[in-house]
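Student: Residue strings, one per chain:
Number of protein chains: 4
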Amino acid sequence: MKLRSGTELKSTHFLQWYKTAHKVIQVLSRPKGRFTVTSAATGILERLNANEVVIGDGGFVFALEKRGYVKAGPWTPEAAVTHPEAVRQLHREFLRAGSNVMQAFTFYASDDKLENRGQTLKITGAQVNEAACDLAREVANEGDALMAGGVCQTPSYLSCKSETEVKAIFKKQLDVFIKKNVDFLIAEYFEHVEEAEWAVQVLKMSGKPVAASMCIGPQGDMHGVPPGECAVRLVKAGAQIVGVNCHFDPLTCVEAVKMMKAAVEKAGLKAHYMVQPLAYHTPDCNCQGFIDLPEFPFALEPRILTRWDMHKYAREAYNAGIRFIGGCCGFEPYHIRAVAEELAPERGFLPQASDKHGLWGAALEMHTKPWVRARARRDYWENIHPASGRPKCPSLSSPEGWGVTKGHTELLQHREATTAQEMQHVLERQKKAKSAV
Amino acid sequence: MKLRSGTELKSTHFLQWYKTAHKVIQVLSRPKGRFTVTSAATGILERLNANEVVIGDGGFVFALEKRGYVKAGPWTPEAAVTHPEAVRQLHREFLRAGSNVMQAFTFYASDDKLENRGQTLKITGAQVNEAACDLAREVANEGDALMAGGVCQTPSYLSCKSETEVKAIFKKQLDVFIKKNVDFLIAEYFEHVEEAEWAVQVLKMSGKPVAASMCIGPQGDMHGVPPGECAVRLVKAGAQIVGVNCHFDPLTCVEAVKMMKAAVEKAGLKAHYMVQPLAYHTPDCNCQGFIDLPEFPFALEPRILTRWDMHKYAREAYNAGIRFIGGCCGFEPYHIRAVAEELAPERGFLPQASDKHGLWGAALEMHTKPWVRARARRDYWENIHPASGRPKCPSLSSPEGWGVTKGHTELLQHREATTAQEMQHVLERQKKAKSAV
Amino acid sequence: MKLRSGTELKSTHFLQWYKTAHKVIQVLSRPKGRFTVTSAATGILERLNANEVVIGDGGFVFALEKRGYVKAGPWTPEAAVTHPEAVRQLHREFLRAGSNVMQAFTFYASDDKLENRGQTLKITGAQVNEAACDLAREVANEGDALMAGGVCQTPSYLSCKSETEVKAIFKKQLDVFIKKNVDFLIAEYFEHVEEAEWAVQVLKMSGKPVAASMCIGPQGDMHGVPPGECAVRLVKAGAQIVGVNCHFDPLTCVEAVKMMKAAVEKAGLKAHYMVQPLAYHTPDCNCQGFIDLPEFPFALEPRILTRWDMHKYAREAYNAGIRFIGGCCGFEPYHIRAVAEELAPERGFLPQASDKHGLWGAALEMHTKPWVRARARRDYWENIHPASGRPKCPSLSSPEGWGVTKGHTELLQHREATTAQEMQHVLERQKKAKSAV
Amino acid sequence: MKLRSGTELKSTHFLQWYKTAHKVIQVLSRPKGRFTVTSAATGILERLNANEVVIGDGGFVFALEKRGYVKAGPWTPEAAVTHPEAVRQLHREFLRAGSNVMQAFTFYASDDKLENRGQTLKITGAQVNEAACDLAREVANEGDALMAGGVCQTPSYLSCKSETEVKAIFKKQLDVFIKKNVDFLIAEYFEHVEEAEWAVQVLKMSGKPVAASMCIGPQGDMHGVPPGECAVRLVKAGAQIVGVNCHFDPLTCVEAVKMMKAAVEKAGLKAHYMVQPLAYHTPDCNCQGFIDLPEFPFALEPRILTRWDMHKYAREAYNAGIRFIGGCCGFEPYHIRAVAEELAPERGFLPQASDKHGLWGAALEMHTKPWVRARARRDYWENIHPASGRPKCPSLSSPEGWGVTKGHTELLQHREATTAQEMQHVLERQKKAKSAV
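Residue numbers (our numbering), protein chains in the order written: chain C, 28 to 464; chain U, 28 to 464; chain A, 28 to 464; chain H, 28 to 464.
If we strip away everything but chain C, and leave its shape as in the complex, we get (with noise of 0.2 Å):
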């Protein structure tokens, strides 16, 4: 293993270190950045070229609304500017777990997005996104970590606007992005292929590397476009980088993943892939994810992965040949800990929050209790299945399914909250639905 700082770490010698690695995690982790191998200023594609592995972040928005900071229904990140104090600890928090990218906290903050949700202060989309970006900046200052900007989907889109519009909403976020000098842009969160294609059609212009990434799984975009389409798309639009992020859980989102990379690879293209799950256990999901679950998004607490599922995650996505690797909603700085420490033999070095952890439960070996310091091996936490603690639920859902979107009439976006008229008509709907089934 050739480390680019200069230091040599023989891969046997680390492997060994990593068994009984509790007793040498101070070693290597407590002298801050003396294993940080690369320098904040090697770029994102830099490091892929390198193969070298990207920890990304987790999702803001659902880690801030827990916080007490986002309202969950707007999802809006105004939080940037009325609280910066709780956006730079949340990137903090993420730095000292492992991760490489401090992406500024911008999601949905688009102009028509803040006035299709009701924003009722007056805080323009450029305050959010200029507040956001030097938030991201200065915590990457502290480590080594890049900072990405980034767009996501639009009420626009979703209401049919032409493609004009809806490029003008992206590029008014991409000036701001510019002019905070952003190491590399993302496009994420895309549910339709068309949409991500503008995006990345619009951040190209920028000629900063191009992240892509939709909310999809292995049944593709909501047009029913397959995720190996959806890709190859994306990287002849321009992302040197494709992937998936949110609505599914990691090891399905990996799996859309590889769907991507076969078909991007088998049209003799070339791109490096992303992946950023969310941090719940969706087995019953169908194409719209988690939205479509009857717990979205007030009763998911029960679907949270353990850091030992993160571990398994993070296994499978480097095994998929993923290299930029992250989470999204659900996801705490412990759940990006876990990749990092999963990952650590790959990577040469523990994030600093190892510190504060031993290696699959080591620590526990000081617990009061010896039938808990009989807790830490890595084969009890391996293998354990946890309970539920909750005898009257059951393991799965039923997601709801309505299988409408763009084009549908239902999901024309207005400003106004539902209606009670619109209410009722829901409720029908949704009667209906299961008196047929």
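The set of hints was computed from the structure by calculation and includes no laboratory data.
Careful: at least some of the hints might be erroneous.
The list treats identical chains as one, so a pair stands whether inside a single copy or across any two.
Said to hold, decoys possible - Keeping only pairs whose Cα atoms sit at most 30 Å apart, straight-line, the calculated DSSO-like set for lysine-lysine is:
no., residue 1, residue 2
1, Lys419, Lys339
2, Lys419, Lys458
3, Lys231, Lys194
4, Lys339, Lys459
5, Lys297, Lys207
Keep in mind it's a predicted model, so treat the numbers as computed, not measured.
Using the hints provided, position chains U, A and H relative to the given structure of chain C.
Tutor: For chains U, A and H alone, kept in the frame of chain C given last:
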């Protein structure tokens, strides 16, 4: 409903408000402090004597472990010194969520624990306690909150040290709390009523109000003393507030406090009651609580309570006559916010963080998908039985149940990590226990 | 171990035999009767006085409902007249499985019930009772079994008829039992101890041994009389054997009988004990038992006990000092065989049907697939936690829990099927109950 | 709806009848045979050509194992000789439940299997086949049923014997079937299409109709041949009816038959279709079906389908164009009755055993408790999600999945029980497999 600040809020009006609450939240909660009926200067006993609800915070060790600042196993709070920004931020989130108590992050901050848990940084218990008090006070001053210092069970007691030795440890922590002029004192997380009595006796010396809380369920303490008897002994030792915290889920804890209340009243004594339970469902626990669950502490995710479970808990606790209502391990800020939202009619106001929440999911009216908009109603969330998403996992576990406690050699605490020999001994014991079932 | 037949079987030899049992089964069980230690002439009390195990049969109404001969709802036994071959065959299967008691199929065979349940064939209670006795006697004579007649709770009692009227109903059945010269009498399936006492008082007039069994759990009868008090009253009324049957799963029933035994002994009385539980897991039941489960009676399948659950039950019952051990609703012949196999060391022989069974799965050694052959061992089956195969179903249900019983107008019995109006009333009650939760 | 007997039943009338069915059942079903539209003389192909529904029976080995007459492991049918009354009774129950096919109990009744499975009674295959035919014919004559003889996969094939040797085994059974003049022949439970073809080729020599049914799911046979290709090959080999039986749950089996039908039609061939699935839920099975589940064969109870699951199955199978609809392992008579009740509108009559059943629980109107009476309605049972009553058990299992089949030495069949050495080998293999996961 008579509010101390002079504002009167008719309770019928309030109930009506509550029903259509999300329309009015902004009016009620935006102007910070306008509806804050109690000034921070009002002490804990005055509030409880006035039958006011005092909302506690959540457990710091678990929340900060997930954020990367506390090590599970030792569970010690040196982050108060090393990462003050992370501790401060968590205080702020609980304050925004509605907490009236900023408890200094001094759990296990006694010298005997710090030494015992392989603390290698040269940070003394006094340093941790001081830093923790400063942070708690700083944030308490930002809102309507009191600041408390706390002590908890010691390795010295488990290792059969004398009353004098154990009391000396509490005294050392108390010295800091007096110096920092805490508003009141908490003796919490005691498995043995005897040690809890010693703690209360020491804390009483300060002249400040003392709350005493044991980590027991309806089956009583580790020596089999029932909750009622524990409560009576603690009140006699001088505690003005008694209750339970940690180890069990909310409804189990409320049950235990009910038993305490009944016994205290039967004994002709007077006290206030507190409850700070886990945010994990624990229907399968024995007297040792969640420590004995095979999922403890790294696979408890599927047991996490939803915010709607918290509504039930808050109501149940209130109906039982408990007025100091908070949380412990597993609580995140949104759990405390749910407690505050459930008790908003009684308190007369919503917490600040409700700005970022629609009561009973009301903000989903702004969601993109119409079928998710249709979930913006109380009866949907109140009746949901969330799926675990884990079809290979059971509902309940078998706790280990060694049944040893203070007085058994197995529980003598030592400074060293578990040796291979000790581990072998434990595994053999477990094997024997299992085959005996 | 002294066997009545004169054959002596050293218990150490037996235990060793048991461990490698499948090799020897054929030797032990093939020659019918060779190890049959008790002649059918030996009465129930002599057997129990000699501390012998008496194995009961399973419940006929549920078994025959699945075979197409009993109607769920009315649950009446006219098949004894209309389809004797089906009733005879079920008796034979239980005999082969190890039962020592052929209980005549006279459940609900009282005239008031038959009339009340819309019986349209003109078959009298006397005809059913006579036919049932003949069938039971015929099969009892084919092996080592006693023949018993039984009475159970009446619609007359529930409808608040007088003691005289209710006793007259029992007397009418008893007349047939005396005429048919049953070996002993069983008063079973009583929800109210008062009615059970009346039944025992009537049956005692015959001079035959009387066993009295209530369908209650540890919470006691429908009027709240605890199991212990029920047992004492039944013994005082003249029952020589007391216990419980139906309504709860095996371990719950054993628990209730333990309470009975403790109370009878405390009262300085003497009795034998019986238990004939459900073959359904009922951890979620309230005092009314499985009747209140939403799955009753047509969706209980996932709750059916495995044969291995029956081994645990038999051992538990034996250890509790219960010697009349049988089954009720849900039991199939293989469940009784499992009881007989578990208690083979105590009884000194295996049942005939063990010819068609390998102890603890031993016959799987002859299976086609090697991985199934590997399941031919006790520890495999003893520790299995079988999956439900139903990922959308929960582990536990919420019983209805109306809490009404004899004395409430809701429970007055009538001859007619439920009217639409009554149904409406019930549904409204349920809705109200649910919303109150 | 034109009934062969000349009775015409307007389908609108029938549907209306069906909705309020329980009122009319007695009228419709009591006069035995009155609505029996087909005389037993009508052959299987005439019935299917007329688009009539032919209802099969359930699996005898599992049903008789529970009754004490078949040994799990060897699974051989010598009870036809030794306990004819038990076999006759089961036939009768299926007939009453609505079966139109009395399949002689000849499963695994080939000499190579009987020898291979340690049969120690000196009963030849011919004796078993003859006795089984006589019993099936006797009961078939009691109602509207055809009598069939069947062959199934042989140990000889698994042990790589030649086509000639394997065919000789089928021929020997066929000789008995011809002598006993069966109405048609069934080649069933084949894991390999090649052996199934051989069987069909032999059976075709008789000139009688041949049905061929494989124990495969949508993934195809053990050598990976897809269901569609299997079906085409079987039709080409001469089978007039093709389908699947055993190994998977009803909906999975229907899915596989749909694939067969599509392929046969695509190939321009003609056939009728049959399905005889398990009565166990198997969502977690791989290509080997329930054999690989850890619960097979002694802990499958929680997976048993309810009667309401059977309604869904019958409708699904009918809608898929399948007309020979029956059951296999796990089916009890009430499961077949449910199939017959669901298809009563199509068939024009209810089975005899519906005398002892209320459609959709209607007879609960005569239950003692009012809240159980309220369950006398279709929407209650149609929507129930029954609890397992097993809070420590999961929903799904992990099948073993060795993936070996004919051609692997592991599967060479021998006469002896597994040796300790073989067992050791198997356990090691399993351990290795598990650690590889």
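Student: Would you mind marking each hint as holding or not holding in the structure?
Tutor: These are the hints, each one checked on the structure:
Taking the shortest Cα distances, Lys419 and Lys339 sit within 30 Å of each other both inside one copy (29 Å) and across copies (16 Å). Within a single copy, Lys419 and Lys458 get their C-alpha atoms as close as 23 Å, and across copies as close as 19 Å, so both meet the 30 Å cut-off. Taking CA atoms no more than 30 Å apart as the test, Lys231 paired with Lys194 passes inside one copy only; the shortest distance there is 12 Å, against 68 Å between copies. In this assembly of identical chains, Lys339 and Lys459 lie within 30 Å of each other by CA distance solely across copies; the values are 19 Å between and 40 Å within a copy.
In this assembly of identical chains, Lys297 and Lys207 lie within 30 Å of each other by CA distance solely inside one copy; the values are 29 Å within and 63 Å between copies.
Violation of the numbered hints given earlier is absent; every hint is satisfied by the structure.
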